[in-house]
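Can you build the whole structure from these sequences, using the hints too?
In my numbering, the protein residues as written are 376 to 799.
Please note that a few of the clues may not be correct.
[Said to hold, decoys possible] Across the chosen pairs, the derived CB separations fall in these ranges: (1) L382 <-> A680: 33 to 43 Å; (2) H646 <-> D716: 22 to 32 Å; (3) L600 <-> Y697: 35 to 45 Å; (4) I715 <-> Y664: 49 to 59 Å; (5) D628 <-> L701: 53 to 63 Å; (6) L701 <-> L600: 43 to 53 Å; (7) K712 <-> D620: 38 to 48 Å.
[To be verified] Straight line, CA to CA, 25 Å or less: simulated DMTMM-like cross-link-like pairs of lysine to aspartate or glutamate: (8) K684 <-> E705; (9) K572 <-> E610; (10) K704 <-> E690; (11) K613 <-> E652; (12) K641 <-> E623; (13) K438 <-> E483; (14) K721 <-> D702; (15) K675 <-> E720; (16) K641 <-> D620; (17) K539 <-> E483; (18) K692 <-> D648; (19) K659 <-> E687; (20) K432 <-> E448; (21) K643 <-> E610; (22) K692 <-> E610; (23) K438 <-> E379; (24) K675 <-> E623; (25) K659 <-> D620; (26) K534 <-> E518; (27) K692 <-> E645; (28) K613 <-> E645; (29) K684 <-> E707; (30) K534 <-> E610; (31) K572 <-> D467; (32) K659 <-> E690; (33) K438 <-> E518; (34) K675 <-> E645.
By construction, these hints were calculated from the structure, which means they are not laboratory data.
Cβ atoms here follow ideal geometry from the backbone N, Cα and C, with glycine treated the same way.
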Amino acid sequence: MANEEQLKILRQGVNAWNQWREKNSNIKVDLSRTNLVSIGNSFIPEYLPYSKIANLKGINLSKANLSFSIFTEVDLSGANLSQAILTNAQFDFVDLSGSNLAGAHLVETDFVGALLIGADLSRAELESTSLYGACLNGANLYEASFRHGANLISASFIKANLRKADLSQTLALNADFTRANLTGSCLQDWSINSDTKLDRVVCDYIYLGGGGVGRYGKRLFTNRLPIGRNFRPSEFTKRFQISSDIVELVFNDRIEWEAFAYSLNKIKAEHPDSQIEVSGLNNKNGLLYVNITVSPNLDKQALEAEFFKGYEFAEKKIARYYQDRLDDKEAEISYQKAWIDRLLEKASDPKVQNIITGRDFNLDADGSNVALGNMSGSISNTNENNDRSETNYDLRESQIGNLADTVKDNAQQQANQNPPEPEN
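If you want it as structure tokens, here you go:
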């Protein structure tokens with residue numbers, strides 16, 4: 376149980392706590408099972424010299440509720456935080472070397488730049504946690520869970536024990552796993568790059584899938600690799616280490632392939648003596664990754680910048696082209712609509728009468744067909760030369776075709792059938 380006297384001093388803030396610790400450095404601090412959320416305590420140095428930063432070295436906070444607490448640049452080395460509730464807490468640049476965080480709840484907790492050298496994080500829940508730039512060399516992460524996009528970018532796991540750890544969907548770009556033990560870990564959809572170090576990794580087998588829940592609420596792993604045997608020495612590294620001769624292009628949601636082809640071909644034309652080939656395509660965590668194998672002599676960062684410059688240029692050009700096409704189509708539709716309106720206006724002329732069933736009638740609008748629906752009847756056409764002439768048109772299920780040609784043909788038929796009488 377927590378020491379009430381120590382708890383009262385802790386409530387007084389950083390200065391009071393540090394003064395007490397300087398005078399009582401040999402006294403064991405016990406704040407176990409303490410709910411610091413209700414205290415509203417924030418262990419921030421408040422621009423004090425580093426010698427005045429809160430000294431919580433060796434403190435016992437086992438099973439304490441530290442949710443949403445802030446421990447920025449605090450000395451917690453050797454502290455006991457086993458099974459503590461640390462959800463949404465901040466431990467940025469905190470020294471937790473040799474601390475005990477076994478079974479701790481660290482969901483969405485920040486450990487940016489933290490020192491966790493030799494720390495015990497076995498079976499800790501680290502879902503969606505940020506360990507950006509943190510040092511976990513020699514740490515015990517047995518069966519730790521890093522699921523749901525934990526940020527391991529630029530973190531160091533040299534000689535760390537990651538046996539049976541769940542690294543699904545983690546971002547491990549630029550991370551260092553040199554000589555780490557990854558046997559039995561789940562690497563489903565983890566994201567690494569050519570700067571992720573996998574040198575001399577110890578690994579007998581891994582899993583590439585997961586689902587269901589086993590003992591202690593631990594997720595069950597599936598899709599063992601390799602099947603029916605263990606990795607040979609260095610096989611894991613050779614299989615998963617991304618070559619330094621690969622440029623990894625990352626796209627947020629989709630790829631405009633016409634723009635992609637334009638930019639890639641442009642780069643190839645500018646480097647005719649170099650190898651530049653697409654070697655892989657992956658979809659991880661909603662991001663699209665395209666791997667480009669390039670010659671070792673090329674500047675990969677400059678090449679990546681050059682590619683995206685050409686890609687964005689082509690993407691804008693293509694978007695403008697399709698917008699122009701859409702505008703043209705809308706203009707054409709407006710023209711045809713106006714043409715139909717004029718046609719219907721002419722159809723209401725008093726000279727058009729006696730609607731009866733007749734023959735097919737097609738109208739043409741610059742090559743575009745427009746259906747008139749179920750219409751039938753005859754159109755009586757009277758002129759000076761032939762007062763009794765009549766042309767019948769069947770408009771049932773008709774389409775607008777070539778009006779000019781149709782009218783011309785029917786006029787010719789009338790002329791042939793009813794030749795004018797010779798004059799006396």
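Verification of the hints:
{"no.": "1", "hint": "L382 <-> A680: 33 to 43 Å", "result": "violated, 55 Å"}
{"no.": "2", "hint": "H646 <-> D716: 22 to 32 Å", "result": "violated, 58 Å"}
{"no.": "3", "hint": "L600 <-> Y697: 35 to 45 Å", "result": "holds, 44 Å"}
{"no.": "4", "hint": "I715 <-> Y664: 49 to 59 Å", "result": "holds, 51 Å"}
{"no.": "5", "hint": "D628 <-> L701: 53 to 63 Å", "result": "violated, 22 Å"}
{"no.": "6", "hint": "L701 <-> L600: 43 to 53 Å", "result": "holds, 48 Å"}
{"no.": "7", "hint": "K712 <-> D620: 38 to 48 Å", "result": "violated, 58 Å"}
{"no.": "8", "hint": "K684 <-> E705", "result": "violated, 32 Å"}
{"no.": "9", "hint": "K572 <-> E610", "result": "holds, 14 Å"}
{"no.": "10", "hint": "K704 <-> E690", "result": "holds, 21 Å"}
{"no.": "11", "hint": "K613 <-> E652", "result": "holds, 21 Å"}
{"no.": "12", "hint": "K641 <-> E623", "result": "holds, 18 Å"}
{"no.": "13", "hint": "K438 <-> E483", "result": "holds, 18 Å"}
{"no.": "14", "hint": "K721 <-> D702", "result": "violated, 29 Å"}
{"no.": "15", "hint": "K675 <-> E720", "result": "violated, 67 Å"}
{"no.": "16", "hint": "K641 <-> D620", "result": "holds, 19 Å"}
{"no.": "17", "hint": "K539 <-> E483", "result": "holds, 21 Å"}
{"no.": "18", "hint": "K692 <-> D648", "result": "violated, 29 Å"}
{"no.": "19", "hint": "K659 <-> E687", "result": "holds, 22 Å"}
{"no.": "20", "hint": "K432 <-> E448", "result": "holds, 12 Å"}
{"no.": "21", "hint": "K643 <-> E610", "result": "violated, 33 Å"}
{"no.": "22", "hint": "K692 <-> E610", "result": "violated, 46 Å"}
{"no.": "23", "hint": "K438 <-> E379", "result": "holds, 16 Å"}
{"no.": "24", "hint": "K675 <-> E623", "result": "holds, 9 Å"}
{"no.": "25", "hint": "K659 <-> D620", "result": "holds, 21 Å"}
{"no.": "26", "hint": "K534 <-> E518", "result": "holds, 16 Å"}
{"no.": "27", "hint": "K692 <-> E645", "result": "holds, 21 Å"}
{"no.": "28", "hint": "K613 <-> E645", "result": "violated, 32 Å"}
{"no.": "29", "hint": "K684 <-> E707", "result": "violated, 35 Å"}
{"no.": "30", "hint": "K534 <-> E610", "result": "holds, 18 Å"}
{"no.": "31", "hint": "K572 <-> D467", "result": "holds, 24 Å"}
{"no.": "32", "hint": "K659 <-> E690", "result": "holds, 23 Å"}
{"no.": "33", "hint": "K438 <-> E518", "result": "holds, 19 Å"}
{"no.": "34", "hint": "K675 <-> E645", "result": "holds, 14 Å"}
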